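Peer 1: Work out the full structure, taking the sequences as your base and the hints as a guide.
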Amino acid sequence: MNKKFTTIFVFLILLTNFTFLSALSDSTPKSADFPKKRVTNSLTRILWLLYFKKIQNKGGERI
Numbered sequence: 671m672n673k674k675f676t677t678i679f680v681f682l683i684l685l686t687n688f689t690f691l692s693a694l695s696d697s698t699p700k701s702a703d704f705p706k707k708r709v710t711n712s713l714t715r716i717l718w719l720l721y722f723k724k725i726q727n728k729g730g731e732r733i
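Note that the working numbering gives residue 713 to position 43 of the sequence shown, counting from 1, and the numbers run on in steps of one.
No wet-lab data here; the hints were simulated from the structure. Only a predicted model underlies this, so the values are computations on that prediction, with no experimental measurement involved. Any given hint might turn out to be false.
[What the hints assert, rightly or not] List of simulated lysine to any residue pairs, SDA-like, C-alpha gap at most 25 Å:
1) 724 with 712
2) 674 with 716
3) 724 with 714
Peer 2: Set out below in C-alpha cells:
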C-alpha cells in the first residue's frame with residue numbers, strides 16, 4: 671500500500687512539473703515565465719510537504 675502510494679505521488683509531482691514547464695516553454699515570451707515558474711515551484715513544494723506528512727503519519731515508517 672505504501673509503495674503504491676509513493677509511486678503514484680512521485681509520478682504526480684513529476685507530471686505537474688513537466689506539464690507546467692512544457693506549457694511555459696511553448697507559448698509564452700521569456701518575461702512571462704517568471705511568475706508561472708514560481709507557481710510550479712510552489713505546487714511542487716506543497717506536494718512534497720503532503721507526501722512527507724503522509725510518511726510521518728505512518729508511524730515514522732520510512733521508504
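Peer 1: Now tell me if each hint is right for this structure.
Peer 2: Checked hints:
1. 724 with 712: Judged against 25 Å, a Cα distance of about 18 Å means the pair holds.
2. 674 with 716: 20 Å, holds
3. 724 with 714: Status holds; Cα separation ~15 Å.
Figure legend: structure checked against the earlier numbered hints; every hint is met.
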